[in-house]
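Here is how the chains run, residue by residue.
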Amino acid sequence: MTDATLPPATSEPSSAKPAQPKSLYAIDELTRKRNAAEKRFQAYGIGAIGIGLFFLVVLAIAIISEGIPAFTKTIVEVEFTLTQEQYDEAEGQLFKTKAYEQIFIGALQGQLEEKGLDVPFDASTIERIVGKPGGDIRSFFKADESQLGQPVSFELAASSRVDGYINGRVTRENMTDSRFLQKTDLDLVDILVEASIIRSVFNWSFITGADSGVDNPGGAGIGASVIGSFFMMLVVLFLSLPIGVAASIYLEEFAPQNKFTDLIEVNISNLAAVPSIVFGILGLAVFIQFMHLPQSAPLVGGLVLTLMTLPTIIISTRASLKAVPPSIRDAALGVGASKMQAIFHHVLPLAMPGILTGTIIGLAQALGETAPLLLIGMVGFVARGYPDGFVSGFLDPNSAMPAQIYTWAARADYAFYEKAWGGIIVLLIFLLTMNILAIILRRRFERRW
Amino acid sequence: MSLFWLVVIVLAISLAGYIVGRARAFSSAAGEISQLHSLPSYYGANVAMKAAVPAFLVLIVWLLAQPFYINSTVSSTIPDTAIQEGSSLGLVMAEVRRAATGLDNAVAAGQMSEEFARNARADFTDITTRLKEAGQIVTSDITQPVMRAAQSYRIMVATGNLYMSIVVVLIAVAGALWGLKETNKDFRARNTVEKGIRVILFSAALIAILTTVGIVLSLVFNTIEFFRLYPATEFFFGLTWSPSFSGRGGSSELGIIPLLWGTFYISIVALVVAVPIGLFAAVYLSEYASSRVRSVAKPLLEILAGIPTIVYGLFALLTVGPLLLSVFGDNGLGIMQAGTAVMTAGLVMGIMLIPFVSSLSDDIINAVPQAMRDGSYGLGATKSETVKQVILPAALPGIVGAILLAASRAIGETMIVVLGAGAAARLSLNPFEAMTTVTAKIVSQLTGDADFASPVALVAFALGMTLFVVTLGLNIVALYIVRKYREQYD
Amino acid sequence: MNEMPNIEQAIKMTDSKISANKVQVYYGDNQAIKDVDIEIQPRSVTAFIGPSGCGKSTFLRTINRMNDTIDICRVEGSIKIDGEDIYDPKVDPVQLRAKVGMVFQKPNPFPKSIYDNIAYGPRIHGLAKNKSELDDIVSSSLQKAGLWEEVKNRLDEPGTGMSGGQQQRLCIARAIAVSPEVILMDEPCSALDPIATAKVEELIDELRENYTIVIVTHSMQQAARVSQRTAFFHLGILVEEGPTQDIFTNPKDKRTQDYITGRFG
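Protein chains in written order, with the numbering used here: chain E, 1 to 449; chain R, 1001 to 1490; chain A, 2001 to 2265.
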């Protein structure tokens, strides 16, 4: 410490109390500058968060504004009475559906006149607006002849272009005349809307229906793929929860400290970061090529997603197990329980809320995953119908919500984009529900030791 | 069906074993539970475990081994002459399996008698036409060697399944009997069951390794198959990507360089968006924000991370793409041809990665000890000076790790690039041009109509291998850095 | 402008460096410090002693407004340094902390080189015009902290690689480098071994010539060794304050006596 007593003379003035003390009340130039820099820096931070939230808002607005129209459909509602004579006459003709179409047009004209609206139109305009209505009408009366002579109200789906016009997707400015719709047709559409013959109704078939062909966007529904997702999630839940919990218990409670345990741990943390598409390749090569499980089946999708979700579940389960204080284990061991009993009777039940929260979040992740499903053939167009039963729900080709959305987004017809956005709303409602469930679970059972 | 019932039967045997074992334990102690070494349910569980576990183990091994064995046996019967020019054994075997499935389905649907399916000769009958008429998927005319192979394939599968059922049921019964034989009041049932459970727990943990092994094997085998058909040097150094789906990919050029460039370019754009925003957001949330702001802003930002990538893909394709096009397209600056471009995908991917970067960095910044901050504030540093000169340098390794993890996410991201980046493989510097990535091409090569055994489909595995190696490397380095960083402050 | 004479007058009026008047500190709804009045003499060492949780560290941290970094903390009453209220809205805590340095319980060198650790303060406060001035400040600070001979050949090595006692002296040198007038020390030796503690105590004694030092300590022996005045805190109240000699040999308050004699603590 002798050195410290020999400070260089030059340093004396700087350390001694200055002759004129600087007042704390006077902010000097440098401090002002530094405070300005401080303000700027803080502004960057607020800006960054603002940008993030701005994107969130834009995304939400895009989803809602683009997706809501998918939940409505435009219908043309015409009420008329078909007499026995008209029926017999139509059935006697060579082009029967054409005859019914004429009857339909007549009825439509009648309704318009009734309301004092008159606009000339021909059969081809009607066909562009509602397709060919004759077939539907004929099969309706053929199926139930007792309806003859009674007033019957027909709700026919308007073509997708008319639907787009009503939803504002198609406007007079941006449309071009085509065999699907011409600008002149819109005059009739306007009048029909005024007469409330064309109106928007809630589109139940979007929620309950199955995918349609590429030429019929109006009929496409997400229902079948919701079922596909449901069966996949069943597989994921019933495999990943027990396996994940078992693996976590082993690693957290029993695993010896050795190289092999390290290897498992490194594997788990790496698998959590492997791109999902690689799991798709694994599914394709192992489950389909090698084990010959059926392609496009929710069972295979579920297996792939299980492998993908496992690391997430294991990581969160281990955290929950770790959070249970050792005193609980000691207490159980102290009354003569075996280690296994201590864990299964005491530690696991206490960790369960945390485990379930982690599992739900893992499931939500799996539910939104798309890429691996594409590789194992779970694309939208296989979702053409509901599975027949429980077992076929796992084994029959089906799609899943995100894969269905992808299929719609990849189709050429713009009308499908609306369905894709609508599908996203359905998907997000499921995800939101699951996340809220997880939050409630956490709030409800969270324990602070 | 048969597999389902087999599982049910084994479970039933094991359940029966549980009940009987429990009863037997009771009777061996003459109804006095205190006479038993363990609780009665442990005796039951011991029997059930011995019935079910070995049986299922054998079942799984059999299921994995049988196709392998049958494939190699059947393919050895195919003469070299049956393999046409430009084709391979793998392609022929795919045809054999298709023919066998076709025969199976035709028989099941009653369109063909079992007798006929077993004995029909492709050179004497119109088997191909008949199968096609029966609605089966058959790509080319079935030749006699293929037909013979398909028939023996069918028979081997059928007998294999039969033997499997018998063996599995026998093992289950034997296991149950063994368990029952052990059951008496002095038997240490709990210890045995617990040992068994420990093994089960251990095997659950093993699945992590098995998954990695599965990934590696499925990539390696198919990649080797691909390099047999297509030279590796051309794949790794080729500057052109133009797969030709016709003619079995003979004229395809499958160079990975344009795909790597696209992947790299899009990831860079994404990171340029995500890293500054995420980092500033993290700094603000951990150093400045009041706990109320934090409790609102943090979960809101994290919503961005919970949104499925398909949503971002659609957002890129339908919202951001057209928006960028209206600014940079022909009506604006004229440097953008279509909505799908590097910029579109990169920007949207950047948005997706913001919460990823910010929550990782947040954790890392919070790991910097409070003492560092106190030391700096105590010297009269402002918060921003403390952040820039003390906290960020101290957290740097961790933040680098976080950025590497984000990069690995960006490289492996699929749906955003499939929908937002375009499909054209291109080597260009213009970020407003459409390019494509490794992941996007994996999807398109494997979901197209190409035969699984052709190079244009197999290339997807080589791409997957490249992707896996790159992301694995990044992850290992990143996790190592982050772990070392955490240990420093623990 | 017309404030200036007042300030000068104020400085002349009082000869104590720091004067606290009716200081209350709240953490949310909890009151941690009650009605503390104290005068701290310039160029001397004042020790705060008391059982843990008595508020001595909390009070110390109010003197350079380190409590500002805790959201829920609220300070009432006045603390004046050279007659200027440091909680006046006109006062910038950054400037205040340049004047009132602080050394913490655990040595907390930045994960930078030894040189950069010392140079950090002068750099942010703009104390050096150029590299050679900065070099001077670094070397003189290290000399004053008695660390120069030990580290002069390895200034570019990380500060975290030193021994605990060296780290703490580095932190003291770091505080000196900003040329503060007051140095607050929050149990600076609690993480050090006896030999390192002795060195730091020796250093404190030397620094007294130029700085006003306030030290919080858990050890009564240390307070007796290094301080001229001692203040005893108990349950957030300043029980007794006076020359160290008096406090230890002739405490006025029963609680002080109990503490000194080891009845509680």
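If you are wondering where the hints come from, they were derived from the structure by calculation, not from laboratory data. Quick caveat: nothing in here was measured; it's all calculated off a predicted structure. Virtual Cβ for every residue (Gly too), placed ideally from N, Cα, C. Where hints are given, some of them may not hold.
Said to hold, decoys possible - Here are the computed distance ranges between Cβ atoms for each label pair:
(1) R:Ala1109 to E:Ala412: 41 to 47 Å
(2) R:Thr1233 to E:Arg443: 35 to 41 Å
(3) R:Phe1236 to E:Ala36: 29 to 35 Å
(4) R:Ile1476 to E:Arg443: 32 to 38 Å
(5) E:Ala36 to A:Lys2131: 23 to 29 Å
Cross-check of the supplied hints:
| no. | hint | in the structure |
| --- | --- | --- |
| 1 | R:Ala1109 to E:Ala412: 41 to 47 Å | violated (35 Å) |
| 2 | R:Thr1233 to E:Arg443: 35 to 41 Å | violated (59 Å) |
| 3 | R:Phe1236 to E:Ala36: 29 to 35 Å | violated (53 Å) |
| 4 | R:Ile1476 to E:Arg443: 32 to 38 Å | holds (37 Å) |
| 5 | E:Ala36 to A:Lys2131: 23 to 29 Å | holds (26 Å) |
Checked against the numbered hints given earlier, this structure breaks hints 1, 2, 3; the rest are met.
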